[in-house]
Amino acid sequence: MSHDSEHSGWHTEEAEIPLLQAMPFSRPHVLQQIRGPGSPAIIELSGESLVLGRSPETDIHIPSPSLSRTHMRLERYQGTYRVVDLDSSNGLYLNEIRVHSAVLRDGDTLQLGNAVFIYHEGK
40 MSHDSEHSGW HTEEAEIPLL QAMPFSRPHV LQQIRGPGSP AIIELSGESL
90 VLGRSPETDI HIPSPSLSRT HMRLERYQGT YRVVDLDSSN GLYLNEIRVH
140 SAVLRDGDTL QLGNAVFIYH EGK
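Using the working numbering, you'd call the opening residue of the sequence shown number 40 and step up by one each time.
Be careful, since some hints might not be right.
Result set (DMTMM-like, lysine to aspartate or glutamate): computed pairs, CA atoms no more than 20 Å apart in a straight line [said to hold, decoys possible]: (1) K162 to E87; (2) K162 to D147; (3) K162 to E114; (4) K162 to D145.
Across the chosen pairs, the derived CB separations fall in these ranges [what the hints assert, rightly or not]: (5) E55 to T119: 38 to 44 Å; (6) Y116 to I157: 16 to 22 Å; (7) Q71 to R115: 14 to 20 Å; (8) I157 to D126: 21 to 27 Å.
Treat the hints as calculated values from the structure; they're not laboratory data. As the structure is a prediction and not an experimental result, all values here were calculated from the model. Where is the CB? At the ideal position from N, CA and C, for every residue including glycine.
Go ahead and model the full structure; you've got the sequences and the hints to work with.
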């Protein structure tokens with residue numbers, strides 16, 4: 040009595056399974072405010088240029104007396120953002136170093152007066 044265990048009861052059929060196009064997941068660039076008026080907050084960055092300051096007319100309004108009316112500008116730069124101090128009274132600090140302008144990297148800490156932010160790159 041021979042028994043063909045390899046093929047008993049098994050039947051495979053070829054079927055075409057459509058492949059779905061993988062859409063890349065993208066996150067926006069954000070400033071995560073961890074200290075100062077309005078914190079905690081997540082501020083999504085969009086556009087080519089954004090001004091941050093205590094003036095209600097700025098793109099990103101932080102109502103703090105330790106910030107200048109127009110404190111700094113964020114500019115799109117090679118797929119990320121760079122910051123530029125707009126001659127503020129209390130300066131702009133990137134990772135605890137005073138800077139006039141700098142390109143941001145994921146995880147950088149920005150301090151403007153009593154407001155502190157962490158920059159997160161979009162993916």
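Discussion item. Tell me if the straight-line CA distance from K162 to D145 falls inside 20 Å.
Written reply: holds, 10 Å
Item to complete: May I ask you to test the hint 14 to 20 Å on the CB atoms belonging to Q71 and R115?
Response: Once the Cβ atoms are compared, 19 Å apart, the range 14 to 20 Å for R115 and Q71 holds.
Fill in: Beta-carbon spacing of E55 to T119 - inside the hinted bounds 38 to 44 Å or not
holds, 42 Å
Worksheet item: Are the Cα positions of K162 and E87 separated by 20 Å at most?
Response: Holds - the C-alpha atoms of E87 and K162 are around 17 Å apart, at most 20 Å.
Worksheet entry | Supplied distance hint 21 to 27 Å, evaluated on CB atoms of I157 and D126 | Taking Cβ atoms as reference, I157 and D126 lie about 24 Å apart, which means the hint holds.
Worksheet item: Taken at face value, is the distance from the CA of D147 to the CA of K162 at most 20 Å?
Response: Between K162 and D147 the Cα gap is close to 16 Å, so the pair holds against 20 Å.
Worksheet item: CA of K162 to CA of E114, is that 20 Å or under?
Response: holds, 17 Å
Discussion item. Please check whether Y116 and I157 have a Cβ separation lying inside 16 to 22 Å.
Written reply: Cβ of Y116 to Cβ of I157: about 18 Å, so the range 16 to 22 Å holds.
Going through the hint list in order, the structure satisfies each hint without exception.
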